[in-house]
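Asks: Spelled out, the chains give:
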Amino acid sequence: MRKHFGDFGLARIDPKLVRFNARKAEAIVACRRNGAEDLEAAMALIPEAAPITIRMSGTIKGLVKKR
Amino acid sequence: MDLHVIPNVSDDHSCRRMAEQLALAGYSIVGLTLPTGILVDRIREIKRHFQENGIETVLRVDLSPGSRHELLRLLRRFRRSYDIVSVKCSNQNVSSVAARDGRVDVLFFDSRNHRMRFNHTVANLLQGALEFNLVSTLLTNPADDTLARLTNEARVTQHHKTKVVLSSGSSSPSMVRSPSQLFALGRSIGLSKVQCRDGVSTIPCSIVNRNLERRSDGYVEEGVRIVLPRVV
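Just so you know, the protein sequences line up as chains A and B, in that order.
Just so you know, we're using our numbering here: the first sequence kicks off at 2 and counts up by one.
Just so you know, we're using our numbering here: the second sequence kicks off at 10 and counts up by one.
No lab work stands behind these hints, which were simulated from the structure alone.
Computed Cβ-Cβ distance ranges for the label pairs, DEER-style:
1) B:Ser37 / A:Gly59: 24 to 30 Å
2) A:Leu64 / B:Thr149: 30 to 36 Å
3) A:Gly10 / B:Arg51: 44 to 50 Å
Here are the computed lysine-lysine pairs in the DSS-like style, where the Cα-Cα straight-line distance is at most 27 Å:
4) A:Lys17 / B:Lys202
5) B:Lys56 / B:Lys97
6) A:Lys4 / A:Lys17
7) B:Lys202 / B:Lys170
8) A:Lys62 / A:Lys17
9) A:Lys4 / B:Lys202
Where a beta carbon is used, it is the ideal one built from N, C-alpha and C, also for glycine.
The shape of chain B in the complex, shown without the other chains (with noise of 0.2 Å):
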């Protein structure tokens, strides 16, 4: 499973082609990240693409606040809406909260960005899970301290044994990746092997199933439904 796909909602040759290399690679599911502005019924047509190549799709926004107020107000407008969210942390205030908030099912961190990286703080507050965008991070930032970043990442969830999500962030058809070559990036920044075959597999499908169970009809909380009596 991927978690992290970016289609170019603006191009349908682009998102067709995407969805075959997807199939190509032997995903079953993938997480769709769109534009919150985007219309439902080109969302429609988007995941269409994706099912007549026998993909099934869940949709996943991206929240990059830039404040702790802006990021409380993100998740409450748009944690319903969603089957994924995903918190990219921009600096300490964002990512302790993202960190500790259960609406967050992932957090990724901008390998750009100097200034905030995954530490140990960051872990022992984590109740979701850590994403490496292994793929887009490595491709569009080939940068000699991005892999010793990564390694340094990589350690720290080790440490604190943080669920961690390997994803491609494809944006294009040329970025799909299948899922062991995820895993073999994933070894190669010194995650384990237990690691890297969880984060391509048991971990994003927990993340997925837990949130489709939540925004079913009759779900109130964990271990409550609403169950209508049957009319004979």
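So here's chain A without its partners, still in its complex pose (with noise of 0.2 Å):
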């Protein structure tokens, strides 16, 4: 995120790790709501974890209900 955003835009978006899932390798992350869509650019030029963003919602509890 730092190297395509910079130092500013990290701060912008502000990003943290929930939980993570190394069985599943599922991971929630969590972020500003103006810098979700930056956060989701960024994890896509991740070329070794290659993420994939299955949803995004508000909330954690809206993230596991939809399961």
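Grab the two chains, each in its own frame, and use the hints to assemble them into the complex.
Replies: See below:
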């Protein structure tokens, strides 16, 4: 994220890893609402991990419930 | 919909893995780019991998002609055999002919070719759509000027209200990305929300539906079909 959006971008997006399930290789990442698009774009450009966005929600309960 | 997926035809495991990743990303239809000389049985086998994961496939061919004559020859030869025909523009002659030709569905440009870009001249002539292979371009060519070039091309499309298709151009399972990620990448290069939304949904679907109708039995031309009488 710092590579594509710089230090200011990183501060604006403010990403945090909330949960990680190693068995399913799934993670929940939180960020500021205005930075969600930039977070997705930055994650799409990670070559090694190849993350795919499954869904987005305003709450963790909403993410888990939609499953 | 991802209109540009390039599976490794010699590796079954890679094809299966790619299909699983596309299904996880939420795609229902993908455009498979396969080599032109591939056997029909092999095509059927690859399509089956995708259908097992609930993904419909349409066949796509990427033409890379060196000249105007070669382009016209390839179009005559391959138009009827594929659902989507795309042209990789390597020089000005090819790009201007491909832009004007109604048989070409999408144009795309190689980011490593510094002499050829999507400019106002091509935009004025373009009948089809311009494709941005965002993931493959940005991952395989992370040069400083790649983003600048994409941003300039996005600005040209906004000026001319060009139809834009956002694709991944993924040639391996690790390059598959979800539609929302393609949307986000399109926004980051300066495309509008409407362009990005249409680029991952409406425009690729309309291209596919139009060509499937053209290739269906009984189709003569737009608005004209052969209808056989029903025997009672």
